[in-house]
Amino acid sequence: MAGVLDGVRVLDLGRYIAGPMCSSLLGDLGAEVIRIERVGGGEDRLTAPLGEDCDSGAGYQAFNRNKKGLTLDPGSPKGREVMKRLIATANIVVVNMPLPAIRKIGLDYDSLVAIKPDIILVHTSAFGVDGPYAERVGFDGVGQAMNGAVYMSGDPGAPRRTSAPYVDVTTAMFNAYGALAAVMHKRATGQGQKVETNLLRSALNLTNGGVIEQALTQINRVPTGNRAQGAGPGDIHRTKDGSILIQVVSDALFRRWAKLVGAEDWIDDPRFATDELRGQSNHLLSAKSALWAANLTTTEALDALGAAMIPAGPVLTPQQVLEDPHIIAAGYYQPRDYPGLPGPAPVIEPGARFSTIRLSRTRPPTIGEHTDEILGDLGYTGDEIDGLRADGVI
Amino acid sequence: MVGVLEGVRVLDLGRYIAGPLCGAMLGDLGAEVIRIERVGGGEDRAQYPLGGEADAGAAFLAFNRNKKSLTLDPGSPKGREVMKRLVATADIVLVNMPLPAITRIGLDYDSLKAIKGDIILLHTSAFGNDGPYAERVGFDGIGQVMSGTVALSGDPGHPMKSVVCWVDVSTAMFNAYGALAALMHRRATGQGQKVETNLLRSALNLSNVQVVEQAVIDRDRQPTGNRMQAGGPGDLHQTQDGWVMIQVAGDGLFRRWAKLMGEEGLWTSDPRFASEMLRGDNNAILSERTSAFTKNLTTEEALAAFAAAKVPAGPLLNPQQVLDDPHVQAVGMYRQVDYPGLPRPAPLVEPGARFSGFDLARMRPPTSGEHTDEILGGLGYTRGEIDTLRSEGVI
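In order, the protein sequence lines correspond to chains R and P.
Okay, so the first sequence: first residue is 1 according to this note's numbering, each after it adds one.
Okay, so the second sequence: first residue is 1001 according to this note's numbering, each after it adds one.
By construction, these hints were calculated from the structure, which means they are not laboratory data.
Bear in mind the structure is a predicted one, so any value in this text is a computation, not a measurement.
Treat the hints with caution; some may be incorrect.
Simulated crosslink set (DSS-like; lysine-lysine; CA at most 27 Å straight-line) [to be verified]: (1) R:Lys84 - R:Lys68; (2) P:Lys1078 - P:Lys1113; (3) P:Lys1259 - R:Lys104; (4) R:Lys240 - R:Lys288; (5) R:Lys186 - R:Lys259; (6) P:Lys1310 - R:Lys104.
If you want the ones that stay clear, here's a sample from chain R, every Cβ over 10 Å from chain P, calculated [what the hints assert, rightly or not]: (7) Val39; (8) Pro77; (9) Arg80; (10) Arg103; (11) Gly141; (12) Arg201; (13) Asp241; (14) Gly262; (15) Ser281; (16) Ile367; (17) Tyr380; (18) Asp383.
Ideal Cβ placement from N, Cα and C applies to all residues, glycine included.
Can you make the complete structure from the sequences, with help from the hints?
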């Protein structure tokens, strides 16, 4: 059956995560996504290399499924001509670069509209296109530091960032959501548009609760290590053979936890009467929880917590993720071959599973893998393509 | 102008974040979103209370814009009847609860489809509906620790969880993406469907790089504090009056960093820093050099220097500093929204995607049960019937 985005052509000039993952999510739904990268391969292929025979690393493998690959020097005169002909055939352009950079290579909205009036531009920058930091560059960690979360993670005076690139990924997802909404709008009205996202705004979307609380109460929270704020107990505890996290939120869960760990007398204790009060005194709750967990293996603790319907899980390393019985049984990873890889890469299933829509499943492209095919379709002859290659344009 | 989702009715039975934020994102695009919560108000209203008379805390306000509120006891016989009549008028049902719980109250896909043939169900659970943990419950942090990223954050032997609910939020966004795709499919074919998301799978979508690397080359990475792992330098550094974060990736950026440090050739000719991978392996040295650079500067001076060199950098901000930041203020990142009983307006963040072609909806979050009468009236309930349902505790 036809995909939801069948017939939609996406030019993906994304780099790293915020652009490329968006394009993959559009490719999942059937869009024809053309990854346009510099001659020799984009710099995001170099992150976390996977061996000398493979032209790309783990970062590339994770975020570039369902795409064709085209190499191009968009700054050269002949490259600009190729780009123009590509834009004329495209429905969506995805790009994450600062505004001055996309202007320079003719990928700003006005330039695109002059070629294809109903084009949809999805443009990601670090700080947006207005305001004092508009021309500054940024990566995921910069968003993490500026949204209040790094300050509030770890211990007082020792701020901590997380290794999960959540600013990039949520930006990619705002891009995908924005692209779908823009396609629906175009199907209804015939009009294209510009969709703008930026890392800082995505980052602030994840900390809005804390910012609202600060604005209204001046609570001036400080970090509390791995202990939860605003509820409790919620902490990482050592077991006999590993570590687990438990998370107790709401009165009902607190009562179940108190019974499980033998702290029934705390159920009616005024110190623990609400989520907020439990949050304030949760070092006591954590200590009790830690004592309980210390005498059990991880499996024993998780079985007991599972039976009591208390949210809990093991702290897993990447290797343990691959070995987890639930993750294996549910089939979350699809082992995927790629030229030059010593073994198949476990590429994660997308976050949404559809009962009716079938998602596309092609591996990421090698460097420029589809250049000839795509240029041929644009009307370039074999000789012209050879000439462009000899000139270093593709 | 008319919103993209004008005429789409969403029943939002979500709680906390993964469901409710999706409902808000559909509301942004013009859908009529009805938050259905228990009589007296959902438990997610109680988190991070704000004082005053307001029936909602900070977390609720952050994730429930552009909705109406209906209170209902869906377990009671009359509540089930109200729910059935609501489902018959709905296009999308959004729910984050374990499968046995939604089956019990008749919100599983088969039950919904029997009432409304082309319904779209968005169902979020902690661990999905297959596999040994399918019936277990979970929250955001459970996804975080099981993704592999907590084991790689913090210091060796001291795994560190983030305070940011990135698992919940990314699940909400997969829900919103799934809802739009399912609506497009329905507009093309007339068919509804079920869209399933779960916290664990969302979490694993954010750690795929580390998992691919481990599976293919057995990398066995260890946590490296705030230093990034597969490149460098990327770390938090103290200044005279705060901290700055910088992140260097790619050869071009590394050369710009080296030039800024003042001994360009020394760094760029050193074989320990010849590639992204080697810089990642040896980035403690690069971090140390960066700290020596920042420690004599104020945060503002350090940021100006990094910006001039086009090196990605930003200040470490606490929530108050976020509100005070000149860029955040200049671009209008927050909208001041009044809510009944709040001592003053709440700063609601602008949604992550800004559209040039249409405006987003801008309704404040609803008070508990604010639209119950209006919605039941629309279903054909009379004034007397509504009063009776209320006196019986059904609504």
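Q. Hint by hint, which ones does this structure get wrong, listed from lowest number up?
A. 5, 11 and 12
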